[in-house]
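Residue numbers (the numbering used here): 7 to 274.
It is worth saying that the hints were derived from the structure and are not from the lab. For every residue, glycine included, the Cβ atom is placed at its ideal position computed from N, Cα and C. Keep in mind that a hint or two might mislead.
List of simulated lysine-lysine pairs, DSS-like, C-alpha gap at most 25 Å [stated by the list, open to error]: (1) K172 - K105; (2) K135 - K108; (3) K52 - K111.
So the derived label-pair ranges between C-beta atoms look like this [stated by the list, open to error]: (4) N154 - K270: 11 to 21 Å; (5) G62 - L271: 27 to 37 Å; (6) L271 - I212: 38 to 48 Å; (7) S46 - K219: 42 to 52 Å; (8) N150 - S249: 42 to 52 Å; (9) M99 - S46: 52 to 62 Å; (10) N154 - L208: 51 to 61 Å; (11) S66 - L186: 22 to 32 Å; (12) A222 - N65: 36 to 46 Å.
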Amino acid sequence: MSRFFKFNLDKKFFVKISIIIALSLLSSLLLYGCGFSQVSKTNKLKSVLYYRIGSGYFNSGNYVKALQEFIKARTVNPYSAKNYNAMGTVYMMTHRQNKAIKCFKKATRLNNKFSYAFYNLAMIYIKLKKYHLATANLKKALLNPFYNQPYESYTLLGKIYIIQNKFKKAKKYLLISEALNRKYFLTYYYLGSYYSKRGKFLKAIINYKKALKIDAYFVPAQFKEGENYFKLKKYKSAHAIFSKIYSQNKLNSFGIKASDYLKKLKNY
7 MSRFFKFNLD KKFFVKISII IALSLLSSLL LYGCGFSQVS KTNKLKSVLY YRIGSGYFNS
67 GNYVKALQEF IKARTVNPYS AKNYNAMGTV YMMTHRQNKA IKCFKKATRL NNKFSYAFYN
127 LAMIYIKLKK YHLATANLKK ALLNPFYNQP YESYTLLGKI YIIQNKFKKA KKYLLISEAL
187 NRKYFLTYYY LGSYYSKRGK FLKAIINYKK ALKIDAYFVP AQFKEGENYF KLKKYKSAHA
247 IFSKIYSQNK LNSFGIKASD YLKKLKNY
C-alpha cells in the first residue's frame, strides 16, 4: 500500500470518527440539556433521595409533601425526566392540568422514550376531550420496545376509538391489550363497552364479569353489568346488581343512577 493511499485512508477514517463524536455530543445536548454534565454526583444522589421520599408521600396520599420533595429533586437535578414526570403526576391528581401538561412535556423533551410521561399526557388529553392529542401521545408511548406496560396504552386507544365510534380499531387494540396481559381489568371493561355499543349485550356482560373477577370492587363494571341485564330484559339480575350498588354507594353518582334504575324496575 502506498503512503499516499494510507494517508487518505487514515484521513477518511479520522473524518468519520469526528462526525460520529460530533453527532453523539449533539444528541446528548438535545436529550439532556447543556448543563447535564454540571450535575454533580452528590446532587444526583440527593435527587434520588428526594424522589424516593416524595414517592413515599405520594403513595400515602400526601400530595402536598410529595410535590415538595419532587420539586427538591428537580432543583438539584433539573435534567432528570422522572422528576418532571413525578411533579406532573401530582398536578394531574390534584386537578391542575395545565401545570401537569408542562411537566410531562418537559419530561418527554428530556427523554423522548419516556413512555409513562406520554401515557400521562394522553390521560389528561382524554379528560379534556382532545382525542387526537391523546392518540398521538399513546402511539409515542408504544414506540419504546422497553415500555413495561404497553397494554395500558393499547386499552386507552381502545377507549378513545369506542368514544369516536371507530369500532374496528377499538376492538383491534383491546384484543392486543388482552393478549399482552389477561389480568388487566380495564381491558375487559372496555371490551364490555365495545360489545354493549354494538348491541351484543350478553358478550358485554361476559367481559364485565371478567373485569370484576380481577377487581370485584370496580363499581363502573358492576353498574354496566346491571345496565346490560336491563337491556336484555333480565330484570331480576338487574335488580340484584342495582340494589347492591345502591346499598354501598348511596351518595355517589353510581348510587344515584342505580336508584333511578330501581325505580324503573318497579314497573316490571
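Do the beta carbons of N154 and L208 sit within 51 to 61 Å of each other?
With Cβ atoms ~34 Å apart, the hint is violated.
Range agreement (Cβ of L186 with Cβ of S66, hint 22 to 32 Å):
Because 30 Å falls inside the window, the suggested range holds.
Mind checking the hinted window 38 to 48 Å against the Cβ distance between L271 and I212?
22 Å, violated
In this structure, is the beta-carbon distance linking S46 and K219 contained in 42 to 52 Å?
Given a distance of about 51 Å, which is inside 42 to 52 Å, the answer is holds.
Lying within 11 to 21 Å: is that true of the beta-carbon distance N154 to K270?
45 Å, violated
Does K105 sit within 25 Å of K172, going by the straight-line distance between their CA atoms?
Distance of about 31 Å is beyond 25 Å: violated.
Take a quick look at whether K135 and K108 sit within 25 Å of each other, Cα to Cα.
18 Å, holds
Go ahead and decide if the range 36 to 46 Å is satisfied by the Cβ distance of A222 to N65.
22 Å, violated
Satisfaction of the hinted span 52 to 62 Å by the C-beta atoms belonging to M99 and S46
31 Å, violated
For the pair we were handed, K52 and K111, check the Cα-Cα distance against 25 Å.
24 Å, holds
So does G62 sit 27 to 37 Å from L271, Cβ to Cβ?
Distance hint for G62, L271 is violated at roughly 47 Å.
Does the Cβ-Cβ separation between N150 and S249 fall within 42 to 52 Å?
46 Å, holds
The structure shown violates the earlier hints numbered 1, 4, 5, 6, 9, 10 and 12.
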